[in-house]
Structure formats: structure tokens, C-alpha cells
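Colleague: Between the sequences and the hints, there should be enough to build the whole structure, so can you do that?
Protein sequences, first through last, are from chains A and B. Position one of the first sequence corresponds to residue 0 (numbering that gives the first Met the number 0), numbered consecutively onward. Position one of the second sequence corresponds to residue 0 (numbering that gives the first Met the number 0), numbered consecutively onward.
Hint data in this document are derived by calculation from the structure and do not stem from the laboratory. Source: prediction; values computed, not measured.
Label-pair restraints from in silico Cβ distances:
| no. | chain 1 | residue 1 | chain 2 | residue 2 | range |
| --- | --- | --- | --- | --- | --- |
| 1 | B | Arg29 | A | Glu176 | 33 to 39 Å |
| 2 | B | Asn220 | A | Glu194 | 34 to 40 Å |
| 3 | B | Asp310 | A | Leu342 | 43 to 49 Å |
Just so it is clear, CB atoms sit at the ideal spot from N, CA and C, and this is done for glycine as well.
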Amino acid sequence: MEDLKQCIREAAGFIDRTAGIIDVDGIILACTDEILEGREDPSARAVWMSEEEIRIVAGRTYLKFSPTEGDNLLCFIEGTDSVARSYAELLSLWFTATLRQHNSEAEREAFLKNVLLENELPGDIPLKAREYKIPYSTPRIVYLIRTDQTEEIDCIEILQNLFPDRQSYHVLAMDEETIVMLADAPRDNPALTDEMAGQILDNLNAESMAKIRIGIGLAANTLKDIAKSYREASLALTVGSIFESDAYVMRYDRLGLGRLIYQLPPTLCHMFLDEVFPKGAFESLDNETLRTIQKFFENNLNGSETSRQLFVHRNTLVYRLDKVQKITGLDLRKFDDAVLFKLASMVRKYLERQEKDALKATGERRRHG
Amino acid sequence: MASVSLKNVYKRYEGGVLAVSDFTIDIADREFVILVGPSGCGKSTTLRMIAGLEEITEGEIYIGDRLVNDVQPKDRDIAMVFQNYALYPHMTVYDNMAFGLKLRKTPKDEIKRRVTESARILEIEHLLDRKPKALSGGQRQRVALGRAIVRDPKVFLMDEPLSNLDAKLRVQMRVEITKLHQRLQTTFIYVTHDQTEAMTMGTRIVVMKDGFIQQIDNPSNLYRHPVNTFVAGFIGMPPMNFINSTLAIKDGRVTISFNDVTITLPDKYAVPEVMAYDGKEVIMGVRPEALNDESRFVAENSETSFPAHVDVVEMLGAETYLYLTVADVVTLTARVDPTVSHSKVGEVTTLAIDGNRVHLFDKETELVILS
Numbered sequence: 000m001e002d003l004k005q006c007i008r009e010a011a012g013f014i015d016r017t018a019g020i021i022d023v024d025g026i027i028l029a030c031t032d033e034i035l036e037g038r039e040d041p042s043a044r045a046v047w048m049s050e051e052e053i054r055i056v057a058g059r060t061y062l063k064f065s066p067t068e069g070d071n072l073l074c075f076i077e078g079t080d081s082v083a084r085s086y087a088e089l090l091s092l093w094f095t096a097t098l099r100q101h102n103s104e105a106e107r108e109a110f111l112k113n114v115l116l117e118n119e120l121p122g123d124i125p126l127k128a129r130e131y132k133i134p135y136s137t138p139r140i141v142y143l144i145r146t147d148q149t150e151e152i153d154c155i156e157i158l159q160n161l162f163p164d165r166q167s168y169h170v171l172a173m174d175e176e177t178i179v180m181l182a183d184a185p186r187d188n189p190a191l192t193d194e195m196a197g198q199i200l201d202n203l204n205a206e207s208m209a210k211i212r213i214g215i216g217l218a219a220n221t222l223k224d225i226a227k228s229y230r231e232a233s234l235a236l237t238v239g240s241i242f243e244s245d246a247y248v249m250r251y252d253r254l255g256l257g258r259l260i261y262q263l264p265p266t267l268c269h270m271f272l273d274e275v276f277p278k279g280a281f282e283s284l285d286n287e288t289l290r291t292i293q294k295f296f297e298n299n300l301n302g303s304e305t306s307r308q309l310f311v312h313r314n315t316l317v318y319r320l321d322k323v324q325k326i327t328g329l330d331l332r333k334f335d336d337a338v339l340f341k342l343a344s345m346v347r348k349y350l351e352r353q354e355k356d357a358l359k360a361t362g363e364r365r366r367h368g
Numbered sequence: 000m001a002s003v004s005l006k007n008v009y010k011r012y013e014g015g016v017l018a019v020s021d022f023t024i025d026i027a028d029r030e031f032v033i034l035v036g037p038s039g040c041g042k043s044t045t046l047r048m049i050a051g052l053e054e055i056t057e058g059e060i061y062i063g064d065r066l067v068n069d070v071q072p073k074d075r076d077i078a079m080v081f082q083n084y085a086l087y088p089h090m091t092v093y094d095n096m097a098f099g100l101k102l103r104k105t106p107k108d109e110i111k112r113r114v115t116e117s118a119r120i121l122e123i124e125h126l127l128d129r130k131p132k133a134l135s136g137g138q139r140q141r142v143a144l145g146r147a148i149v150r151d152p153k154v155f156l157m158d159e160p161l162s163n164l165d166a167k168l169r170v171q172m173r174v175e176i177t178k179l180h181q182r183l184q185t186t187f188i189y190v191t192h193d194q195t196e197a198m199t200m201g202t203r204i205v206v207m208k209d210g211f212i213q214q215i216d217n218p219s220n221l222y223r224h225p226v227n228t229f230v231a232g233f234i235g236m237p238p239m240n241f242i243n244s245t246l247a248i249k250d251g252r253v254t255i256s257f258n259d260v261t262i263t264l265p266d267k268y269a270v271p272e273v274m275a276y277d278g279k280e281v282i283m284g285v286r287p288e289a290l291n292d293e294s295r296f297v298a299e300n301s302e303t304s305f306p307a308h309v310d311v312v313e314m315l316g317a318e319t320y321l322y323l324t325v326a327d328v329v330t331l332t333a334r335v336d337p338t339v340s341h342s343k344v345g346e347v348t349t350l351a352i353d354g355n356r357v358h359l360f361d362k363e364t365e366l367v368i369l370s
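Modeller: Right, here's the structure in full:
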């Protein structure tokens with residue numbers, strides 16, 4: 000529909016008459032005079048009843064056409080002369096070509112979605128790729144974009160316009176909240192992947208004011224492998240949301256320890272936590288201490304750099320680390336203890352999320368049952 | 000146009016770490032407020048909470064008189080400009096500016112009116128038919144701003160919009176944004192990690208660290224009267240010199256000693272809050288421009304003069320930076336006038352502190368005693 004409206008808007012630029020498209024119910028779908036859109040054309044019923052392909056009624060020329068099999072439309076134009084007839088024929092050809100192209104794009108998108116969701120037979124993928132003119136062996140990256148926005152501002156339209164090259168970028172709506180952008184992998188500069196994610200995030204935030212999280216998979220060498228990249232991007236989003244809850248872009252190749260912890264069974268996690276933290280020890284660490292620990296780890300246990308970045312005196316840092324040791328029994332200045340603390344705090348986060356998800360699932364089951 | 004108020008706003012992520020803690024501020028209508036601080040201090044999170052792109056854990060946010068805690072971002076009547084805000088490459092400048100309005104189903108005539116008006120404000124009317132690749136960096140940045148202006152928001156939120164630009168263009172755009180604020184007469188909230196940007200653009204600056212507000216003040220007060228060593232060190236380039244010292248009261252006057260150097264401060268420091276530190280350790284803060292090696296100045300300020308070894312001399316044209324050490328321990332930076340400075344690398348020079356511009360901080364709390 001949008002494609003037809005786009006055509007008619009463009010037609011308004013060079014046709015000095017009112018023209019439009021009508022459906023089988025007589026409703027004007029698109030018109031050079033936007034006010035008429037959505038209204039019923041009083042002559043349409045008579046034209047549809049007639050067996051003639053072209054009819055002139057009430058000062059308008061009507062032409063029946065079928066852009067695709069089983070799909071019937073009427074093109075109308077103001078005037079009864081031969082010029083009006085020629086315009087009607089030209090417009091109907093243009094609309095037909097546009098709708099067919101649209102359908103072919105929809106099929107192409109459906110094919111790519113099926114590949115992502117592993118609904119295509121591996122042997123069929125190269126053949127269908129050729130059919131849809133999609134290069135098979137181009138390395139590509141999956142950007143999985145999750146948005147809370149389900150209506151009004153169209154994130155897909157924003158992305159399609161931001162990356163208009165349809166050969167290199169495919170924007171696919173997977174469901175109401177998930178969009179996949181399949182992009183050619185940058186060959187020489189891997190940093191471009193982050194840059195592109197930043198562009199997607201900032202533009203969607205600014206234009207649609209939607210809350211966005213992006214997961215990025217590894218580069219897939221062939222079209223067949225994009226399903227793997229999609230799974231990786233999805234896992235990056237899940238794992239990232241647990242261990243990097245303040246991050247908006249999560250890369251599968253930068254999940255770090257989170258990747259390992261995510262695979263651990265909860266019983267083992269509980270045993271490990273009980274072993275590392277005395278009861279209530281972690282909970283009694285205040286926010287200032289937690290931030291200090293976080294910065295201390297970020298700076299590879301370098302006290303001078305940590306105190307510089309925290310803008311505190313070195314003695315203040317020493318005091319805070321001593322306090323942690325008193326509460327948890329772990330001296331974070333020692334590598335082994337630091338590793339234990341880091342792992343245990345991540346395991347703790349993972350368990351908290353699991354409990355939260357379980358509660359949510361129970362709540363939903365109760366609501367539905 | 001609208002005021003913005005944040006009342007005791009907190010942001011706590013899963014795992015317990017507080018990103019923003021007890022953030023309270025009233026931003027007046029048409030004010031240009033800057034949130035500044037080092038990476039990870041919570042400034043962007045605060046901006047995103049105002050926009051609604053980040054949930055708040057606790058507190059209240061008002062835009063105008065309306066409590067917006069539960070209002071969707073798109074309904075808050077704000078516009079955002081980000082660092083990676085790219086233009087649509089295949090669209091003209093006009094279409095780039097109109098695109099957001101088209102998405103919001105704004106009538107055509109209204110789109111035309113707003114784009115034309117915004118282009119006039121930004122002085123890019125002559126560029127409306129051009130595509131992004133035919134624009135200079137500065138012009139592109141103005142178009143990016145134009146995309147926000149056409150929405151006619153009550154509040155502009157900008158998250159480090161100049162960070163991706165080269166140094167020269169950044170300076171140029173700093174001026175452009177300041178002018179834009181004057182023309183639009185709308186509330187601006189701007190996030191940056193660059194203290195120069197903050198000092199030159201904002202009418203009021205919020206300095207943040209570790210999710211806490213350190214100080215809210217105008218640029219002049221922030222520079223002249225920092226409330227703690229963090230603000231004192233963060234604001235100003237080169238940063239303030241901090242010297243661990245011992246304060247003593249001699250004959251009713253305040254003296255400061257560090258590494259065999261003793262200086263006597265003017266009488267304005269002989270007040271009870273300073274006198275209470277008699278015999279205690281303090282941190283003395285001295286701005287680089289409050290240190291001078293000019294012979295006449297040193298002679299006139301003999302009570303605050305001391306020798307220092309000149310390690311490096313940086314000539315910047317209008318000013319010279321001297322990097323010095325005192326007794327091989329204390330490192331100092333001085334900003335001096337190249338036309339009267341006589342210091343040479345490797346020599347011992349005599350410096351004097353402008354006694355009236357000394358800041359004193361508590362050694363433990365790092366809070367200001369007097370500045």
C-alpha cells in the first residue's frame with residue numbers, strides 16, 4: 000500500500016490531473032488528492048460490474064488491471080480524452096511493476112528469515128539465493144535489534160533509510176519487538192562493526208525514542224551460516240543483559256566470563272557462592288565499595304590508577320579494600336582472591352536473574368491459568 | 000519550552016551497583032545545563048532517564064509541571080541528539096530534516112513550515128537540496144541538529160554530540176550550539192566529559208562522579224569556589240595543583256608548609272574554619288595561573304615565594320606552561336606570561352603563589368575549607 004501511495008505522490012509531480020487507485024470495494028486506496036484517500040468512489044461499483052477493461056464514467060477514465068494473480072485494482076484519472084486513457088495505461092503498468100517488485104522483495108525477505116530461523120534446507124539455500132540475487136559467499140554479520148516499541152514510529156523504515164543499499168543491508172522484522180539487520184561484514188576495519196551498532200542505537204533512540212538493545216553475532220562466511228550468527232547475536236543479548244545490564248550493545252565475541260557462567264547448573268552455582276561468600280557478606284558491601292571494586296578490577300588491580308580514576312587518595316582505596324577483606328575474607332590485591340570475588344559476583348548476578356525469570360514465568364502462568 | 004526537575008532520582012542496575020544516586024536538580028525554562036564528569040559517572044544515564052530511555056529505580060522526574068515517570072519517551076516532548084547521529088545518505092537535507100516528522104504523520108504543510116524555519120535558524124536554507132555527501136562536517140552537524148529542532152520540542156537533550164568531530168570542528172560547533180540556544184530560547188541539557196565544553200557552553204554545570212552530584216553551579220563559581228578536590232581537579236586545564244601540606248597558625252597568621260617550604264597566607268585566611276586546622280595536614284590547591292615566576296610579582300609576594308626546579312617549558316604562544324618540581328617530590332604546573340617569564344629548563348627558578356587564590360581542602364574528607 001505504501002508503495003502505491005509513493006507512486007501516486009510521485010505521479011502528482013508530473014500529471015496535472017487527479018488520478019488514483021481503487022480496490023474491489025470501491026475505496027480509493029491512493030490518490031494524487033490525498034483528501035480523497037479512504038473514500039468510496041461513487042462510480043467504482045458500476046465499473047467493476049461492467050465487463051469492459053476501460054470505462055468512462057462521470058468525467059473520469061477507469062482502467063481495470065491485475066498486478067498479481069487474483070489481485071484486481073482500478074486505476075482512474077480525471078478526463079475522457081485519449082491522453083487520459085494513455086495516462087491510465089501508463090500508471091497501471093507502473094503500479095503493476097511496483098507491486099510485483101514489492102512482492103518479490105517480500106519473498107526475498109521471507110527467504111532470509113527462513114534461513115535465519117533454520118527453516119530452509121541447507122541444500123536449497125545456494126539455489127534460492129541465486130534466484131533472489133543474493134550473493135551466497137559474502138561474509139555478513141547479524142545485528143539483532145530488540146526494541147520495546149511495537150507501534151507508531153517504524154524502526155524498520157528508519158533503518159532502511161539509514162542503510163539504503165539493499166544489496167549490502169537487509170532489514171528484517173522477525174517479530175513485533177525484534178529486528179534483524181543483516182549487513183556485509185566490514186573487511187578491513189572490524190571497528191566499523193561497533194560504529195555501525197552505535198549508529199543504529201543512536202538513530203533509533205533519537206528518531207523513534209525507542210528503548211533499544213543490540214546483540215551482534217560473529218561474521219558468517221556464507222549465507223548458510225547466518226543462522227549461526229543469528230543464534231550468537233541472540234545469546235549475546237541474553238548473556239549481556241545479565242552481566243552487562245548497563246550496556247546497550249553486546250557482542251558475542253566479547254561475552255567474556257559471562258559466556259562460561261551462563262552454562263553452569265544452578266546447584267553448582269549455589270555451592271560455589273556458599274563457599275566464597277560467608278552468609279550475608281556480599282549484601283553488606285555498600286555501593287561505594289562495590290564501585291571501588293569494579294574500578295579496581297577494570298584497572299587490573301592497579302591501586303594508583305584506580306585511586307586516580309576514582310579521584311580518591313590511595314589511602315582511602317587501601318581502607319576500602321581492607322574493609323572488603325574484613326567482610327568477605329578476600330584480599331582483592333591478591334590475584335587468586337580477586338578472581339574468586341569476580342567470579343562469585345558474576346555467579347550471583349546470574350542466579351539473581353534466574354530467580355527473577357522464574358518468578359516472572361510463575362506469575363505469567365498464574366495469569367494465563 | 001519547559002522546566003525540568005529531578006527529585007531524588009536513583010538508578011540501580013541488577014547486581015546492586017548504583018549508576019545514579021539521589022540526583023536532585025531544578026532546571027529552569029530556557030536554561031542551558033551541562034552534565035559533566037569522567038566516564039562512568041552516570042551523566043548519560045541521567046540524560047537517558049530524563050528522555051525515558053532508561054527506567055528510573057526511585058524518584059520523580061518532571062518536565063514542566065507534568066510527572067513523566069510513566070510517560071513514554073515519545074510523549075515527553077523532547078528531542079535528542081547523540082554522538083553517532085548519522086544522516087540518511089540518499090536523502091536531501093530537506094528530506095533528512097523532514098523524515099522524523101513524516102514518521103509522525105505530520106501534515107505536509109506543517110513539515111514544510113518547520114523545516115524552512117529550522118533551516119533559517121541554522122542558516123542552511125541554501126543547502127536544503129543537497130545530499131549529505133556534498134556537505135562539510137560542520138554543515139552535516141547542523142543538519143543533525145536541524146532534525147531535532149524541527150520537532151519543536153520543549154527540551155533538547157544532547158549526549159556528547161561533538162565527540163566524533165575533530166578538534167577544530169568541535170570548537171566551531173560549540174559556538175554554533177551556544178548561539179542556537181540563544182536563538183531557540185529552549186531548555187538545553189547537554190552531556191559531556193570535556194570540561195572545556197562544559198565551561199564554555201553552560202549557564203549552569205552539574206559535576207558528577209560515581210553517580211553522585213558533586214557540585215551544581217555556574218562556570219565561574221565552579222572554577223573559583225570548588226567544593227572538593229574532585230571538582231577542583233576536574234574543572235580547569237591544566238588542572239589545579241594539589242600539595243599535601245601542614246597548616247599552622249603563627250602570630251595569628253596562617254602558614255602552610257610542604258617539603259621545607261613555608262608560605263604565609265593573607266589575612267583573609269585567618270578565619271575560625273581555617274584556624275581549626277592548626278597543626279593538621281591539609282591539601283593546598285593552587286591553580287596554574289596563580290603561580291608566577293615574574294620577578295616583580297615574586298618580589299611583591301615574598302611571603303608565598305619558593306624555589307622550584309624547571310623540568311619542562313611548553314611555549315603555547317599566548318602563554319607558557321612550566322612543569323616544575325619542589326624538593327624532588329612535589330610536582331607543579333604554572334601558567335605564565337611568556338613575555339615576562341625568565342625560567343629555563345634545568346634551572347632553579349623562584350616562583351610565588353598569588354596568596355589570595357589559594358584553596359584549602361580537608362585531607363580526609365577532601366572537602367573545601369576555604370577558597
